[in-house]
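Asker: Just so you know, the sequences run in chain order A and B. So the first sequence is residues 28 to 170, counted in our numbering. So the second sequence is residues 703 to 1203, counted in our numbering.
The set of hints was computed from the structure by calculation and includes no laboratory data. Check each hint, because a few of them may be wrong.
[Stated by the list, open to error] Below 30 Å or equal to it, Euclidean Cα-Cα: the simulated DSSO-like pairs (lysine-lysine) are:
no. : chain 1 : residue 1 : chain 2 : residue 2
1   : B       : K1137     : B       : K795
2   : A       : K47       : B       : K959
3   : A       : K30       : B       : K795
4   : B       : K959      : A       : K83
5   : B       : K781      : A       : K141
6   : B       : K959      : B       : K795
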Amino acid sequence: MVKYVVAVDGSDGSDRALQKAIDLAAAGKADLLLAHVIEWSAFSFHTPDELAERHKRREEELERARESVLSPSGKKVKVAGINYETIVLHGHPAETLAKIAKDENAENIFIGRKGQSKMGTLLFGSVAGSLIQISPVSVTVVP
Amino acid sequence: MLRFIIATFVVLLSLQPAFAGFDDSINTLTAPIASAIGAFVFFKIPIFDAQLPLVVLWLVIGAIFFTFKMGFVNIWGFKHAIELVRGDYANPKDSGEVSHFQALATAVSGTVGIGNIGGVAVAVTVGGPGATFWLIMAGFLGMSTKFVECTLGVKYRNENPDGSVSGGPMYYLRKGFSDRGMEGFGKFMGTFYAIGIFIGALGIGNMFQSNQAYVQLNNVTGGLFDGLGWLVGLVMAAVVFMVIIGGIKSIARVTEKIVPFMAAFYCIFAIIVILMNGSAIPQAISNIFTGAFTGEGVAGGALGALIIGFQRAVFSNEAGIGSASIAHAAVRTNEPITEGMVSLLEPFIDTIVICTITALVIGTASVANPGFAGDATGIAMTSAAFEGQISWFPIPLAFAGMLFAFSTMISWSYYGLKGWTYLFGEAQIGQTIYKLIFCFFVMLGCIVQLGPILDISDALVFLICVPNILGLYFLAPIVKRELNDYMARINSGEIKKYKNV
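Next up, chain A with everything else stripped away, as it sits in the complex (with noise of 0.2 Å):
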């Protein structure tokens, strides 16, 4: 079965994007995977305070991230009949949507552009920009 990879962040642009991918999965036969990555660095400084608490913040944001993200994406792609399986992770959100597409095998990657500003990109970079750079499977970018 082909499998799609769909990055979703709960935003406008990760709507569209999952949109578009339920629209040729129908239409293509294929499964989707419904991709959440949390920023983080494992190169990251922090207080011995946080690094305490680190797992018990880890748990809340993946619980958190399954409630308002991933869980409403899903009923999407359910209501369109299609099968689906979701992964969330913690990472560079470009390198670890590369990497979930390289290790699951999948044939493409769906994402949504946010549309910042010139400005804005220059000083934050932007995931779709990346992505496009690093993966090794094709990626559709939506507007």
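Fit chain B to the known structure of chain A by using the hints.
Answerer: For chain B alone, coordinates are given in the frame of chain A:
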């Protein structure tokens, strides 16, 4: 709010004469206690002309024993430690948990401080250039002690019902001795350690830091804050309050981010200064080696240099005190050995790299220009060595020193808290009381003269080495067994790399 702040200032200003009296009475009250405890803990045995404090001997013998017992893990474990910190063995499924790098960075922030800048100058002044050699040796041996204590910190930690963790020597002393059928003794040792780390946290982890930060600020501004210690103390206490009680993590996070850059900045400039004194380098290095074995001009000769070097190294990297094991216990790993491996990098970074660089700055400066520092000792001496080549450097150096002091205070506030919660339970109200006490002591550190108070806390921190190292001896066979088991699984490929294969 503003009116409240102004009112507080006015009240405090009017109280200033009272503070002076307060200062005196604290000193007269504590001085006899301090000298009694100090004499006990730092009991010295005279060997030839040198004075050897027993507690230093205790730490050194421990470090040598652990180095042999673990088969020189401080040498062969180094490469594996780097791989762990790089995340080669990190399972992507666990991403978002505390990484080895984060545990290391936090523990290093807690140890890199005034000792690396000022303590080394003290060592070189008292123990001559040869003390540097022994400082490095002590750092090298201390790596093994850290390995053992941090492994145990993870192995015997407590997981609280809310998902947070508490660990450290008090836990491994209690559980470890109890596992070996000595429950009562373990309880006693755990409690003893908890009291020691709690009081130590208020002294060297708090008052000493805020005091040194104030002194540096005052020096660099040319005495602008003379007699205003209470004001500087109040501001510092307020910032610490915001972080540890107000939960304003951003301040802490900013400091924790700046400190590693500051440390790098310090090392880079130190290397520049050493190179500017380039022609003095061979002589400075040869002084370190000859001084180490001849001890020329040092009270007690080579042995005197050795003692000073070892003592300063322990002050700086805290190996044997057990504090780092509290920070490392937070890592959620199935393999306690991995935390031990990572922690052996701490004495390396702290003592072998940063302290040696400071020693070379001072060493080359004094070869090029003997008497460059005048009467200055401690941090002022290091500052003068830098100033000789880069005239504006004392200002950023003072700034770096303040940040180091701040991050050390934040780290130690946590170590002390863990001692407190071990004694009084995890209840939130108790934790808040502790944190308020901690903030009060930050201010106190800038007001009172440190002498006797610091002596008490110093002595207590060294006193907790006694139960800690004793526990490490008892539990070393367990660590050794785990280490063999872990390495067997690494070699058989059962534990595999996820990255850089």
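Asker: Could you run down the list of hints and mark each one as holding or not?
Answerer: We went through each hint and held it up to the structure:
no., hint, result
1, B:K1137 x B:K795, "36 Å, violated"
2, A:K47 x B:K959, "41 Å, violated"
3, A:K30 x B:K795, "21 Å, holds"
4, B:K959 x A:K83, "23 Å, holds"
5, B:K781 x A:K141, "43 Å, violated"
6, B:K959 x B:K795, "26 Å, holds"
The structure shown violates the earlier hints numbered 1, 2 and 5.
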